[in-house]
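*Asks:* So the chains spell out like this:
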Amino acid sequence: MRPAPPLLVLLPALVLLPVLLMLPQLLHGGGWDLIGQFAWAALTPATDPVVVQSLLRGLGITAGMALLGWALSLLLGLGLGLLSSRLIWHTLSGAAAPAALIRRLLALPRSIHELIWGLLLLQLIGQRPAVAVVAIAIPYGALVARVVSDLLDALPTRGLEALRTAGAPATGALLTAIGPPLLPGVISYSGYRLECALRSATLLGVFGLGGLGNELLLTLQSLQFHELWSGLWLLLAVMLTLESTIALLRRRWSMPRRLGLAAAAVPVGSRGREILLALALLLPVLLLVAGALEVKPTDLLQWQPLPPLAPQGWATALALPWPSLIGSTLLLTLIAAGLAVGAAPLLLLAVAPWPWGRTLLQLLWAFGRLWPPPLTALLLLFVLQPGVIAAALALGFHNLGILGRLLLEGCEAAGPATEQALLCSGTTPRLALLYGRFSALARTYLAYGAYRSDVILRETVVVGLVAGSGLGSQLRESLSGFAWDQLAALLAVYALLTLVGEDLSDRGRQRLLGTA
Amino acid sequence: MSASSPASPPNPVLELRDIHVAGRGQPRLEGVSLTLAAGERVALLGPSGAGKSTLLAVANGLLVPQRGAVIWEGLPRARQAGRRRRQQARIGTLWQELRLIEELTVQQNLNAARLARWSWPRALLNLLLPLESEACAAVLRRMDLDPELLSQPVTALSGGQRQRVAMARLLRQEPTLLLADEPLASLDPRLAEELLGLLLREAEAPRALLLSLHRPDLLAGFDRAIGLRGGRLQFDLPLQAIRPEQLQELYAGSGELVA
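Protein sequences appear in the order of chains W and B. Counting along the first sequence from 1, when you hit position 246 you're at 246 in the working numbering, and nothing is skipped either side. Counting along the second sequence from 1, when you hit position 156 you're at 156 in the working numbering, and nothing is skipped either side.
In isolation and in its complexed conformation, chain B is listed as follows (with noise of 0.2 Å):
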């Protein structure tokens, strides 16, 4: 237990070791190991198909994978369901369709990542009044939102504001870890830059960024990044380090197109 304290040697905020995950035909993940560090800001690459939403699938718990083994700040899946709360409590994911519950306020919302360590009857009242308004707020101001839309319903705001408020949340939850599946795919491309400035500056030690990506046309301010191709890592480089040849070499033949 003292490998979560943070007194102690930081371990990876994420490790994941020659992980496999089987497939209809081809597996979808083989052999792919990779380790995260507090502080790293890590962009996967690939063409469509390649597993990246496998990968962070993985990464955040939703999928067991049949061989190989994922390691979360120095400790395993967890088997005792309350531990593993605790576990994926640190763990947060911005979905690629943001995944915000339409029937709710944008304050019921932020607070909906706080069920992890909320009991039942806040869980409840937080359905009737609104709770923690201050630290709502605050999520809000960081994600250059106004704080009034906290008792907006989310199907009031616009795509770029829920974009936002998807990402409070993320920040409400409160993780280590931060997982983004392809969050910039349906932006334009100054809304794209900007959340990413945003996601990038929340990153810092002791948490940890991967964020997939579908071109490779936005990879400054990242640390590292990595090549997934059918299921396989293809490189696992600092940013400098990267040739223009191997990112079309990772993309050669999908049709998509390499900035």
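So that you can see chain W by itself, here it is in the shape it has in the complex (with noise of 0.2 Å):
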């Protein structure tokens, strides 16, 4: 009795029916005008000349932080992947092991998300520009890493043997062999960082790091909801415009799909010298940001006194109630992946007969990546206790922002015809869709849905600041008491739960991708 594809695809949306039920009990009915005062606002958005232009600069240096975070953790990325690659190591030493310790180094800065070495770094250096880009880069640099590393590893070396048999010098080899192959995966990987980069500058923005995410914050705190809609829409344009503009050159560099997380090896040809021609462009567009929003590498250096230890610290970080702060952090972990990779396919099922359902359904997704989930669990809170559901409801929206584009595009990749014969023979457009499509995307939706589940384990802390629950929202006390005992045993336990969910979703991952 093993379920067919297509069914378990549906299987995470089973987590639905004990939040439905719980549902009730959290709703209290403070704040449903508010609510609708929020929905009407959406369709009359401030246009104040002196608002708009405070938007708009808020949403300027947050791009431009997003851009400086991610180039410079490209930078970090390409580098450390090729320290920490097996090949690379083989091939220049004849040792591999130094890769694998490198890579098991730099599972902790990738095990701790960006926002909590945001707040590090400013109760460290202080309210500076750079902060935001470092803490982008840290544990963006260490995932880029990974993935070079995989990438790298991944790749047939019978074309190295060959160069290096023939004489070739190491390097040349690797360049020659290898350089070629690997472009196409980490060129699609950056557009795709490039993206998340977007979402976390605006993430910090929100923390208080600068640009338009805190000015999202003080008009959603205030219920100044006209001129949060003009900086929300502003936010979608520029969001839509950076994917779309993502999408167009991966197709016309002919980069694998996203959800084809196995890259293939595909020439990039007459390509090379567009691609070149970018990178030129980038740099001086990097410089000049950089100028503009005052970011100095010199500012890191500039440590600021921590406050003394208070006495007996360690006793009070032990006597922390551990087991329920792990606990509800698991559980939320667990609901808001089950949201997230459950809901966008019934979703796409429950609007299947209507031409215009997919469209409203893309808009709705593009909100949920554009929203901070900090936002989401304030404008819940207004109708919902806080805890573990309103805080897994904001997390399960961001997210399924993202996995519902992924699907989609997958929709896209299966192709018509299975569904157009079922339609043909009088199958109703829902059945049609999750038998004809969902079957031949299933194991690579869901192994992406292990690899997001992952990502949304590092995610509970930016809800958990907020909507009080799980570890998140100790660390946030920890952080304001300047705990730093406290603040060191909670980051510990974080970065092994993260670097066990890490482990636990790679093997999901490879057992679905593997029977596939």
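Worth flagging that the hints you see were computed from the coordinates, not collected in a lab. Where a beta carbon is used, it is the ideal one built from N, C-alpha and C, also for glycine. Hints are supplied without guarantee of correctness; some may be wrong.
To be verified - Now the in silico label distances, taken between C-beta atoms and shown as ranges:
1) B:Ala78 with W:Leu17: 34 to 44 Å
2) W:Gln362 with B:Gly23: 24 to 34 Å
3) W:Thr47 with B:Arg232: 58 to 68 Å
4) B:Gln66 with W:Gln362: 23 to 33 Å
5) W:Leu287 with B:Gly23: 24 to 34 Å
What the hints assert, rightly or not - Far from chain W by the CB rule (all over 12 Å, computed), these chain B residues:
6) His20
7) Gly31
8) Ser33
9) Ala38
10) Pro47
11) Ala57
12) Arg114
13) Glu148
14) Leu200
15) Asp217
16) Ser254
Could you use the hints to bring the two separately framed chains together as a complex?
*Replies:* Printed below as a string of structure tokens:
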């Protein structure tokens, strides 16, 4: 009795049942009129030039931080990726052991969310433009490094061996045999990272690290919904433009799609010059942006003295309610991941009979990606009691936006033939979609869902800081109380959890893709 | 509604009246009319690009023509979605590339042909449990396949077996109109003849069969043949009445052999 692939896609949605059962008890009637005002304001955003100008300035800062953080992370990631590749070490020195060591060390910066890095640096260095850039670059760099080394070590080595036996020197042989097949995967992944960086920069802004996020938070807290929506629409325009530009470049340079996680080795060929030109243009842009934002690397060297430790700090750190903190963090992850992975196909099925339904969903999902989860959580708190469910809904909605877009891309890639055949034999649009398209993309979608769950675990801190649940909310208390010992203990637990989660999701993904 | 009940005098299974389908530059179909009565087995002939696939797409409802009427069992295309699906459920298509669902088992594929008549829960249950095994085994036997194959994933089948499973799925749908788009194109001659025999055998009244053929060398067993060229009907004749010159004219200049 093994469920067939299309059914597997729907299984994560089962988490909706307990959530829907619990919702009525969690609702409080207080803020429905606020939600109504918020929804109405979507159609009537503020057009006051002063407001728009200040929003645009914020947006510029956010976009600039994203771009700089992204570029720095690529630089770091490529270097570290090469350093943690077995293939590189093996070819250059004959031993592959250091690669594994560096790889393991990189797990630490990767396992801690950019927001935590941001808040830590904020305490250490103070409010400076460089903080957000570095906060993005640290975990992103480690993530890029992992992907680069994975790509490298998965490449076929026959060409390299042929060159080596023909007497080519190691570096030359590596560049020739490994460079071209590596490039499409790296560029495709970089595009994806840039999209993520824009979302992260917005999020960091919400927590006061500069840019549009902060204005969004302030307008939400002061219930200035019209101004809030002006900012949201602007951000949406930038995000959709960025996403479609990246999609265009990906198609143009024939890069692998994101759902095909294992990158196909496509020769770059005639597009090489274009890519080089784009890189050459990027450099002056980066310098200009850095100048305009006053991002100075030297800022990072001026550390502020830390406040002294409280006496018996370690004892209080140990006395924290660890089991319940960890338990609620895991529960939050589970519910949010189930909601995000399960709701996307369910919603797509629900709107299948209507031609405009898909467009509406795309808009909803775009907002999901756009909205920083803590803002969603704040909005939900107008009508929901704080806790795991509110936090999970906020986090789930954000990731639904990401997974939903991916699912649609996958649907398009699966091709219309089978669905058409089913429709022609009188099947309803919903069942035709389920049988005809979900069958083909089930495994890759769920594999991506496994990867996403691991990201969600890392992101729990973001909503925890607001909605009062999990390790995140404790982290906030410890941060604001300068309790460095508690903070260290919390971060260690967080890192451990995310590393275990990463391992589990890797195994799940391998199983899903291996049996395909 | 009485038109579709079995007691009334039989309507043609399919009727096309003056069908026009626009294309890039020249129309893909121009003024095509034809009638398919119950029990008729009709071959659709013509060189590649003649409009055979377009005609079949119009006949199975995938393509709505710019002009002209498509009448299935005496009724035009229904406007209401539910009625339209019941209409579609009586049209069975054997696709050139088969269009099996690769990730499912043979049995789940066969049952997919029943989705039009099944409720949601049943359609979901089909993805979990083997449903209606006896009916599925019966259609496999009619296609000379071993019912043991039911639990196999379709990816594990050979090319010939896949073709038969696709045909078994067609039977499982229990359509009245059988449409087939070059089902024999990629098969070796012996297998092609066998499969054609099976298809012709299934096309007895109240059913009717319209099958497109690239080359006119497998016409034995059909009642009528229709010649299509450049989107226009060249002839529509009983098999005995077709003269070799007509076939030669149909394929003239296309560089394709007439056997």
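*Asks:* Checking the smallest CB distance to chain W, is Arg114 (chain B) really beyond 12 Å?
*Replies:* Arg114 (chain B) is in fact no farther than 12 Å from some Cβ atom of chain W, at 9 Å.
*Asks:* If I take the minimum Cβ distance from Leu200 (chain B) to any residue of chain W, is it greater than 12 Å?
*Replies:* Given a closest Cβ separation of 21 Å, the condition holds.
*Asks:* Range hint 23 to 33 Å: satisfied by the CB atoms of Gln66 (chain B) and Gln362 (chain W)?
*Replies:* 30 Å, holds
*Asks:* Does the Cβ distance between Gln362 (chain W) and Gly23 (chain B) fall inside 24 to 34 Å?
*Replies:* Since the Cβ atoms of Gln362 (chain W) and Gly23 (chain B) sit about 31 Å apart, the hinted range of 24 to 34 Å holds.
*Asks:* Against chain W, does His20 (chain B) keep a CB gap of more than 12 Å to every residue?
*Replies:* 21 Å, holds
*Asks:* Just checking, Ser33 (chain B) versus chain W, shortest CB gap more than 12 Å?
*Replies:* With a cut-off of 12 Å, Ser33 (chain B) remains clear of chain W, as the shortest Cβ separation is near 22 Å.
*Asks:* Regarding the assertion that Glu148 (chain B) does not contact chain W, is the least Cβ-Cβ distance greater than 12 Å?
*Replies:* Since the minimum Cβ distance to chain W is about 19 Å, Glu148 (chain B) lies beyond 12 Å and the statement holds.
*Asks:* Ser254 (chain B) clear of chain W by more than 12 Å, beta carbon to beta carbon?
*Replies:* 27 Å, holds
*Asks:* Does Asp217 (chain B) really sit off the interface, with its C-beta more than 12 Å from all C-beta atoms of chain W?
*Replies:* 28 Å, holds
*Asks:* Holds or violated: is the Cβ of Gly31 (chain B) farther than 12 Å from all Cβ atoms of chain W?
*Replies:* 25 Å, holds
*Asks:* Please settle this one: Ala57 (chain B) was flagged as non-interface, so is its CB more than 12 Å from every CB on chain W?
*Replies:* Non-interface label on Ala57 (chain B) violated, nearest chain W Cβ at 9 Å vs cutoff 12 Å.
*Asks:* Between the beta carbons of Leu287 (chain W) and Gly23 (chain B), is the distance compatible with 24 to 34 Å?
*Replies:* 54 Å, violated
Taken one by one, the earlier hints fail for this structure at numbers 5, 11 and 12, listed in ascending order.
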